[in-house]
Amino acid sequence: SQQGEEDPQALSIQEGENATMNCSYKTSINNLQWYRQNSGRGLVHLILIRSNEREKHSGRLRVTLDTSKKSSSLLITASRAADTASYFCATARSGAGSYQLTFGKGTKLSVIP
Amino acid sequence: DGGITQSPKYLFRKEGQNVTLSCEQNLNHDAMYWYRQDPGQGLRLIYYSQIVNDFQKGDIAEGYSVSREKKESFPLTVTSAQKNPTAFYLCASSQQDGGYTFGSGTRLTVV
Numbered sequence: 222s223q224q225g226e227e228d229p230q231a232l233s234i235q236e237g238e239n240a241t242m243n244c245s246y247k248t249s250i251n252n253l254q255w256y257r258q259n260s261g262r263g264l265v266h267l268i269l270i271r272s273n274e275r276e277k278h279s280g281r282l283r284v285t286l287d288t289s290k291k292s293s294s295l296l297i298t299a300s301r302a303a304d305t306a307s308y309f310c311a312t313a314r315s316g317a318g319s320y321q322l323t324f325g326k327g328t329k330l331s332v333i334p
Numbered sequence: 244d245g246g247i248t249q250s251p252k253y254l255f256r257k258e259g260q261n262v263t264l265s266c267e268q269n270l271n272h273d274a275m276y277w278y279r280q281d282p283g284q285g286l287r288l289i290y291y292s293q294i295v296n297d298f299q300k301g302d303i304a305e306g307y308s309v310s311r312e313k314k315e316s317f318p319l320t321v322t323s324a325q326k327n328p329t330a331f332y333l334c335a336s337s338q339q340d341g342g343y344t345f346g347s348g349t350r351l352t353v354v
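Residue numbers (my numbering), protein chains in the order written: chain A, 222 to 334; chain B, 244 to 354.
What the hints contain is simulated information worked out from the structure, not anything from laboratory work. A quick note: this is a predicted structure, and the numbers were derived from the prediction, not measured. Even glycine gets a Cβ: it sits at the ideal position worked out from N, Cα and C. A hint or two may mislead.
No more than 27 Å apart at the CA atoms, straight line, and that leaves these computed lysine-lysine pairs for DSS-like [said to hold, decoys possible]: (1) A:Lys-290 <-> B:Lys-300; (2) B:Lys-326 <-> B:Lys-300; (3) B:Lys-326 <-> A:Lys-247; (4) B:Lys-313 <-> A:Lys-326.
With the Cβ distance kept under 10 Å, some of the chain A side facing chain B (calculated, not the full set) [claimed, not checked]: (5) Lys-247; (6) Asn-251; (7) Ala-299; (8) Arg-301; (9) Ala-306; (10) Ser-331.
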C-alpha cells in the first residue's frame, strides 16, 4: 500500500530556480527519506529525517518534516540540468517491528537549461 | 568499492518459464529487499529479509519466491504463476534504521 504521496506529480523549472516537492503520509513514522531516480536507473538515497527532527540540510537540499500535518517537503536550491530526475519520498513506520520503507509514486522534475 | 549488484540488466521470459534475478551486496548489510516498479506506480515491496535464512512477504509476493542462504545474496525467482511479470525490478539493502542502497535494476520483459 502507498504510504507517501508526492505532490506535484510533475514539475518543470528553469535552471537556477528553486524546486519544491511535497510528501504527505498517513501513519506515524520513525523516519522519512527522500530518494532520486534517474531514468532507467536505481534509486539514490538523498537524505533521512527522523520523526523528532524538523529540518535537515545537505548541500543544496533542504528537507522539512511536520509530524502534526504528516507532511514533508524537499527543496532543491539553484537547480541544475543534472537535477532532472524523479524524486520519491519513503516512510519507515514507527513500532513496525521490522524495517521496511513504503514509497510514494514520485515527482518527476525537469530542469530546463 | 562497496555496493549492490543486480544481474542481468535486461531479461526476457517466455510464457510459462521461471526466471531468477540475482542480487549481491558487499556492504555487510543485514536487510535486503526486492521491489517492483511499474510506470506511474512507484515502488511496491515484493519480499524482504532481515537475516540469513529468514524472509517475509511484502505487498505483492504472489508469483514470486526468494531465498537468503548467504548474507550477501538475495535472489528473486519470478515464477510462471506471476501473470504480469513485465516490470523493472529493484533490489536494495540496508542496516536497521538507515537509508537504502539500491542496485541498478533488472528490466524483465515477457516475450
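Cut-off 10 Å, beta-carbon criterion: hint that Arg-301 (chain A) touches chain B: Since the shortest Cβ distance to chain B is 22 Å, the answer is violated.
Restraint status (C-alpha distance of Lys-290 (chain A) to Lys-300 (chain B) at most 27 Å): Given that 27 Å is the threshold and the Cα spacing comes to 30 Å, the pair is violated.
Holds or violated: Lys-313 (chain B) to Lys-326 (chain A), with C-alpha atoms at most 27 Å apart: Roughly 32 Å between the alpha carbons, so the hint for Lys-313 (chain B) and Lys-326 (chain A) is violated.
Hint validity - Lys-247 (chain A) Cβ closer than 10 Å to any chain B Cβ: With Cβ-Cβ at 15 Å, over 10 Å, it is violated.
Satisfaction of hint between Lys-247 (chain A) and Lys-326 (chain B), Cα-Cα up to 27 Å: 31 Å, violated
Restraint satisfaction for Asn-251 (chain A) [CB to CB of chain B, less than 10 Å]: At 7 Å from the nearest chain B Cβ, Asn-251 (chain A) passes the 10 Å test, so the hint holds.
Interface restraint verdict for Ser-331 (chain A) against chain B (beta-carbon cut-off 10 Å): 16 Å, violated
Chain B contact restraint on Ala-299 (chain A) - CB to CB distance below 10 Å: Result: violated, 24 Å to nearest chain B Cβ.
Minimum beta-carbon distance criterion (10 Å), Ala-306 (chain A) to chain B: 13 Å, violated
Given pair status - Lys-300 (chain B), Lys-326 (chain B), alpha carbons within 27 Å: Within the cut-off at roughly 18 Å; holds.
Of the numbered hints listed earlier, those contradicted by the structure are 1, 3, 4, 5, 7, 8, 9 and 10.
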